[in-house]
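Take 7 as the starting number for the sequence shown in my numbering and just add one per residue.
Among the clues, some could well be false.
Restraint ranges, calculated between C-beta atoms of paired labels, are given here [unchecked claim]:
{"#": "1", "residue 1": "G235", "residue 2": "G140", "range": "51 to 57 Å"}
{"#": "2", "residue 1": "S70", "residue 2": "S93", "range": "23 to 29 Å"}
{"#": "3", "residue 1": "G122", "residue 2": "G235", "range": "35 to 41 Å"}
{"#": "4", "residue 1": "D125", "residue 2": "K250", "range": "53 to 59 Å"}
{"#": "5", "residue 1": "G228", "residue 2": "A121", "range": "28 to 34 Å"}
{"#": "6", "residue 1": "I225", "residue 2": "S130", "range": "39 to 45 Å"}
{"#": "7", "residue 1": "A121", "residue 2": "L248", "range": "35 to 41 Å"}
{"#": "8", "residue 1": "L248", "residue 2": "I225", "range": "34 to 40 Å"}
{"#": "9", "residue 1": "G122", "residue 2": "I239", "range": "37 to 43 Å"}
{"#": "10", "residue 1": "A151", "residue 2": "D118", "range": "55 to 61 Å"}
Simulated from the structure, these hints should not be mistaken for lab results. C-beta: ideal position from N, C-alpha, C; glycine also.
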Amino acid sequence: MALEAPFLPPWPTQTAVRGLYEDLRSPRPATTAAPSREHGLQQRQVQALSSLTSVCGYISANASYPVSCRNAYCASNYVFNAVGCCSSYRTTSISQVVLDSCHYKVACIDADQPAGYCDENCQSNDMILKCTEGSSTYCNTFKYAPYDYTGFACGTYFGSYNVEQGTTTKGVASHPAWVTTTWSPEAFETEPVAISTMTNAPPRISQSSNELGHHVGEIMAGVVGAVFGLIIIISLIMFFCLRKRSRTHGPVRLNTRQEYGQPLMQNHEAQPSPGQLPQAYYPEVEAVRL
Numbered sequence: 007m008a009l010e011a012p013f014l015p016p017w018p019t020q021t022a023v024r025g026l027y028e029d030l031r032s033p034r035p036a037t038t039a040a041p042s043r044e045h046g047l048q049q050r051q052v053q054a055l056s057s058l059t060s061v062c063g064y065i066s067a068n069a070s071y072p073v074s075c076r077n078a079y080c081a082s083n084y085v086f087n088a089v090g091c092c093s094s095y096r097t098t099s100i101s102q103v104v105l106d107s108c109h110y111k112v113a114c115i116d117a118d119q120p121a122g123y124c125d126e127n128c129q130s131n132d133m134i135l136k137c138t139e140g141s142s143t144y145c146n147t148f149k150y151a152p153y154d155y156t157g158f159a160c161g162t163y164f165g166s167y168n169v170e171q172g173t174t175t176k177g178v179a180s181h182p183a184w185v186t187t188t189w190s191p192e193a194f195e196t197e198p199v200a201i202s203t204m205t206n207a208p209p210r211i212s213q214s215s216n217e218l219g220h221h222v223g224e225i226m227a228g229v230v231g232a233v234f235g236l237i238i239i240i241s242l243i244m245f246f247c248l249r250k251r252s253r254t255h256g257p258v259r260l261n262t263r264q265e266y267g268q269p270l271m272q273n274h275e276a277q278p279s280p281g282q283l284p285q286a287y288y289p290e291v292e293a294v295r296l
């Protein structure tokens, strides 16, 4: 669900760049003063039933070029700085309404973008308008200067337009102020980031906190496993090196006497004294009594 502008001026009122547009606002024509931004922020999701309207404004305040929601109600959201459409509402006990099923677009992708420009996250994000099918394959950008809001629609050619909430066309009454909705994070699978409409950079969609936490956990587990694996490999290398060295050189003996400066003993057999035969050649024989 997105904005529609079935009747556009014959030529875009502003210079546009491919895909996403430059903000080149032309002087705003004289018109009835629109509510201030502060006034818009004070309005919330609950409004009187008489304030609901499908018209989101008029290009250059001309009633011949309305911007509207088909079979839906126009609303704005100050968190996204966006104008969008809500498909349903419910009433309260004091004759007020609460808008439900609201859809806001924060970026637009046209059919001429190169392959891969809109990745899987982009394709699954409902807050990015895709003008890739049918005859309306170009992005149209609508700027709401008093509020600094932006809306998107698909058209037959590129265009970026200034839109006024009211109209200066004689005999046409302006519609009431929009309903400004609040943002419920639980309503979105992915949380969109602010996307600048000043560049041609592809939209970047941030992932949910749960998905990011899952990826961080996987990365940390991989790092810890790699560190432990490296420690085990180093320990095995040191063990085998020390074992090989001990087999090659044998045990090392320390001579404590040499360490303290005492002379080493001569490594030879003791010599017999003069006149004494070597005992090794004359073994002792026990005396035999006759």
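Do the hints match the structure? See the list:
1. Restraint check, G235 to G140: a C-beta distance of roughly 55 Å satisfies the suggested window 51 to 57 Å.
2. At about 26 Å, the CB distance of S70 to S93 agrees with the hint of 23 to 29 Å.
3. Checked against the given bound of 35 to 41 Å, the beta carbons of G122 and G235, roughly 36 Å apart, stay inside it.
4. Checked against the hint of 53 to 59 Å, the C-beta distance between D125 and K250 comes to roughly 54 Å, which is consistent with it.
5. About 32 Å separates the C-beta atoms of G228 and A121, a value consistent with the hinted range of 28 to 34 Å.
6. For I225 and S130, the hinted distance range of 39 to 45 Å is not satisfied, since their beta carbons lie about 23 Å from each other.
7. The beta-carbon spacing between A121 and L248, approximately 59 Å, falls outside the hinted interval of 35 to 41 Å.
8. As the Cβ distance of L248 to I225 is approximately 36 Å, the hint placing it in 34 to 40 Å holds.
9. Separated by about 40 Å at the C-beta atoms, G122 and I239 satisfy the suggested range of 37 to 43 Å.
10. Hint check: A151 to D118, Cβ distance near 28 Å, so the stated range 55 to 61 Å is violated.
Checked against the numbered hints given earlier, this structure breaks hints 6, 7 and 10; the rest are met.
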